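Q: Use these hints to put chains H and S onto chain F, whose structure you have.
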Amino acid sequence: MNLMKAGLASLSLLLAACTATDKTAMASRLPAAPSLDDMRAVSPVLAHNTESTLLGEVWKRPGLSSRDRSLVTLAVLISKQQTVEIAYHFNLALDNGVKPAEISEVINHLAFYTGWGNATASILSAKDVFAQRGITADQLPAVSPKLSPVDEASEKVRTAFVDRTVGPVSPGLVHYTSTALFHDLWLRPGLAPRDRSLITVSALIATGQVAQLGAHLNRAMDNGLTQREASEMLTQLAFYAGWPNVFTAVPVVNEVFAGRKKS
Amino acid sequence: MNLMKAGLASLSLLLAACTATDKTAMASRLPAAPSLDDMRAVSPVLAHNTESTLLGEVWKRPGLSSRDRSLVTLAVLISKQQTVEIAYHFNLALDNGVKPAEISEVINHLAFYTGWGNATASILSAKDVFAQRGITADQLPAVSPKLSPVDEASEKVRTAFVDRTVGPVSPGLVHYTSTALFHDLWLRPGLAPRDRSLITVSALIATGQVAQLGAHLNRAMDNGLTQREASEMLTQLAFYAGWPNVFTAVPVVNEVFAGRKKS
Amino acid sequence: MNLMKAGLASLSLLLAACTATDKTAMASRLPAAPSLDDMRAVSPVLAHNTESTLLGEVWKRPGLSSRDRSLVTLAVLISKQQTVEIAYHFNLALDNGVKPAEISEVINHLAFYTGWGNATASILSAKDVFAQRGITADQLPAVSPKLSPVDEASEKVRTAFVDRTVGPVSPGLVHYTSTALFHDLWLRPGLAPRDRSLITVSALIATGQVAQLGAHLNRAMDNGLTQREASEMLTQLAFYAGWPNVFTAVPVVNEVFAGRKKS
Chain F
1 MNLMKAGLAS LSLLLAACTA TDKTAMASRL PAAPSLDDMR AVSPVLAHNT ESTLLGEVWK
61 RPGLSSRDRS LVTLAVLISK QQTVEIAYHF NLALDNGVKP AEISEVINHL AFYTGWGNAT
121 ASILSAKDVF AQRGITADQL PAVSPKLSPV DEASEKVRTA FVDRTVGPVS PGLVHYTSTA
181 LFHDLWLRPG LAPRDRSLIT VSALIATGQV AQLGAHLNRA MDNGLTQREA SEMLTQLAFY
241 AGWPNVFTAV PVVNEVFAGR KKS
Chain H
1001 MNLMKAGLAS LSLLLAACTA TDKTAMASRL PAAPSLDDMR AVSPVLAHNT ESTLLGEVWK
1061 RPGLSSRDRS LVTLAVLISK QQTVEIAYHF NLALDNGVKP AEISEVINHL AFYTGWGNAT
1121 ASILSAKDVF AQRGITADQL PAVSPKLSPV DEASEKVRTA FVDRTVGPVS PGLVHYTSTA
1181 LFHDLWLRPG LAPRDRSLIT VSALIATGQV AQLGAHLNRA MDNGLTQREA SEMLTQLAFY
1241 AGWPNVFTAV PVVNEVFAGR KKS
Chain S
2001 MNLMKAGLAS LSLLLAACTA TDKTAMASRL PAAPSLDDMR AVSPVLAHNT ESTLLGEVWK
2061 RPGLSSRDRS LVTLAVLISK QQTVEIAYHF NLALDNGVKP AEISEVINHL AFYTGWGNAT
2121 ASILSAKDVF AQRGITADQL PAVSPKLSPV DEASEKVRTA FVDRTVGPVS PGLVHYTSTA
2181 LFHDLWLRPG LAPRDRSLIT VSALIATGQV AQLGAHLNRA MDNGLTQREA SEMLTQLAFY
2241 AGWPNVFTAV PVVNEVFAGR KKS
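Chains F, H and S are the protein sequences, given in the same order. FYI, in this note's numbering the residues of the first sequence are 1 to 263. FYI, in this note's numbering the residues of the second sequence are 1001 to 1263. FYI, in this note's numbering the residues of the third sequence are 2001 to 2263.
One chain only, chain F, in its complex shape:
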């Protein structure tokens, strides 16, 4: 009977273990993130650079708040679909003062600006982080909140440009650019226009989209991003989006800065 009891006890332990495995099945299907020790086992200097240079120094530089650095970094991770790091950076963003509602809006915004699949690839990690931190549905922006008013003057310029350039090519694109983006997405109150601009510009640089950068950086600065912040954004982006993407963006940024001084 002792043996038997032992056997049954083992069985129930085992069943408990298997249930635990079932419970974590979804979590275990999220991409595994390397720890600093994992990095050390492959590249001790990468671990050192991550800890000392990046987290210990770059993130603490003046000129751009740690909250803004989190927005910039999330925009890179989502636009480059770097899902391995994303749970860590959702947590860091919340620690740095980005609100759950803002993270929610960042993901939806970047669905339009980096592609649907980039946004959906981040959902399960975000859900997991929200669940761990007890963030519930009532903290998230509604489907149809009261929208901010349209800036008619800026919309007139934008509409004229899109009608002239996109109109002859794709009426469908003109339609959704207006209805889905500039009369809906950009007016949602859960994320300030300046922050929407910050993640849009970051995503453009991270994906090498310099052709759209000038217009969006000007919009970002119209929306309140300072030149000093834009400058430090490039420093943050160099590490997360890679040096070449940022060097390719520099001449456009230079032109925007120069253009705004003249006017």
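Be aware that a few hints might be false.
Which residues of chain F face chain S? A partial, calculated answer using Cβ under 8 Å [what the hints assert, rightly or not]: (1) Leu36; (2) Asp38; (3) Met39; (4) Pro44; (5) Leu234; (6) Val246.
Now the in silico label distances, taken between C-beta atoms and shown as ranges [said to hold, decoys possible]: (7) H/Pro1189 with F/Arg133: 53 to 59 Å; (8) S/Glu2051 with H/Pro1189: 20 to 26 Å; (9) F/Lys60 with S/His2183: 19 to 25 Å; (10) H/Asp1163 with S/Glu2057: 19 to 25 Å; (11) S/His2183 with F/Ser66: 48 to 54 Å.
If you're looking for bench data, these hints aren't it; they were derived computationally from the structure. Everything numeric in this text was worked out from a predicted model, so none of it was measured. For each residue, glycine too, the CB sits at the ideal point set by N, CA and C.
A: Here is chains H and S on its own, set in the frame of chain F:
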């Protein structure tokens, strides 16, 4: 004995469970896809946009068939390696009338046009979907089918161009562009030239490759893609490849449309 | 008792199995790689092309060593985050004579040149491969080795260019370009400058970054990459980075080759 029987019964149940776990081990290593409920737990408006705007409206627009929208979408997912959504879209493509043989050819085609690793990253999901739907090897294109005939006139123009521009730089690239692509891949009968062009153009736009876009869009239209279809392709791509990639493509598309009207 | 013994024996087998599952839990969170048989179940011709054309032919072409082809391929996989294939190619690289220390440096180098998240996404696969092959920490480059001396003449040119172009835009970027890259990363002895150039150029082409390509290809050839090797690098890249990325790079490569003949 009752306890013992119970113990052994539990054991066999447990063994069955563990075997099941083994069987699904491979499936569980595929990226987990978020449901609409998962999206709602993070961004209710993203779930709404996915359900109402994208699936409920964009996919049903006239001008481009749902079959073609599936080809465009698969090209984006593979070229941007958005593997989270890919099983869903392999299934949707089959529901929309894309044949298993065509999906097989799409993946092989995009190995050349988006990089080998992008194609292989989609294999396990496709295999899983094929197995679930009872699609077997005899429904897939052979390694060496009878190829369609070469269009000598168009090949003469292409060869002259590649010889002149690539010849001095990389004889190896000239060689495989001819043997692997234009005297093999494009002539495989499992996917029509017009559909090969549709996924090539979609992949180019999704990866911001505007430099190659003009030539391939002209080829697409020579192969039967209408201007209305190309226009609606851009609307579909805006959502899946992201707005900036499509806006960057617009001037090139405009030029191709205009050029074909003149001639 | 026999039954009981059998029961307990099963139990311990089962426990062993579950322990094994726990041990492989991390490994099972790495992306699953398709075998040639998996490919055959979806696209028999992709399996054939992989085996015959790519592994059987392209990798064996003269003009670029299999070691260099491994460096080029790893640069593509990391810069395009094609993590499905990466364990296979870490192993192949080691088989082809790339040293563990060099792989370690490749990953750290590409953190800067393709983005931090691209490098960290490869860490767990590399750690796994290193563990399987008994590669230990003492075979990896130290955090702070004795650096190679700076080439003052080339640094003077580079500094003047960066000060003039990046200086007015982002002092932070100027700072880290100097301290983190050209007075540290490029001088680390674990990977030769010529090999650093080879992976940098490969990463630029794989991500469509033609704006930075001319300068880095010239640096690569100054560092010892021959024109014949650069030419064959393009053939290798066509398969792994996709044809369009390489065709977009060709005019820049052509210009660099022509420019070096004149001077």
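Q: Taking the CB of histidine 2183 of chain S and the CB of serine 66 of chain F, does the distance hold inside 48 to 54 Å?
A: With Cβ atoms ~27 Å apart, the hint is violated.
Q: Is the shortest C-beta separation between valine 246 of chain F and chain S less than 8 Å?
A: 6 Å, holds
Q: Would the hint on proline 44 of chain F stand, with a C-beta cut-off of 8 Å toward chain S?
A: Given a least distance of 5 Å, the restraint on proline 44 of chain F holds.
Q: For the pair glutamate 2051 of chain S and proline 1189 of chain H, does the Cβ-Cβ distance stay inside 20 to 26 Å?
A: 22 Å, holds
Q: Lysine 60 of chain F and histidine 2183 of chain S, beta-carbon distance inside 19 to 25 Å?
A: The hinted range 19 to 25 Å holds for lysine 60 of chain F and histidine 2183 of chain S, with Cβ atoms some 21 Å apart.
Q: Hey, does the leucine 36 of chain F contact hint survive, CB to chain S under 8 Å?
A: 10 Å, violated
Q: Quick check on the hint: aspartate 38 of chain F CB to chain S CB, less than 8 Å?
A: Since the shortest Cβ distance to chain S is 5 Å, the answer is holds.
Q: Does leucine 234 of chain F pass the interface hint, meaning its C-beta sits closer than 8 Å to a C-beta of chain S?
A: Because about 4 Å separates leucine 234 of chain F from the closest Cβ in chain S, which is inside the 8 Å limit, the hint holds.
Q: Kindly confirm whether 19 to 25 Å is satisfied by the beta carbon distance between aspartate 1163 of chain H and glutamate 2057 of chain S.
A: 22 Å, holds
Q: Holds or violated: 53 to 59 Å for the Cβ distance of proline 1189 of chain H and arginine 133 of chain F?
A: 55 Å, holds
Q: Can methionine 39 of chain F be said to touch chain S, with a Cβ gap under 8 Å?
A: With a minimum Cβ separation of about 6 Å from chain S (threshold 8 Å), the hint on methionine 39 of chain F holds.
Of the numbered hints stated above, those contradicted by the structure are hints 1 and 11, listed in ascending order.
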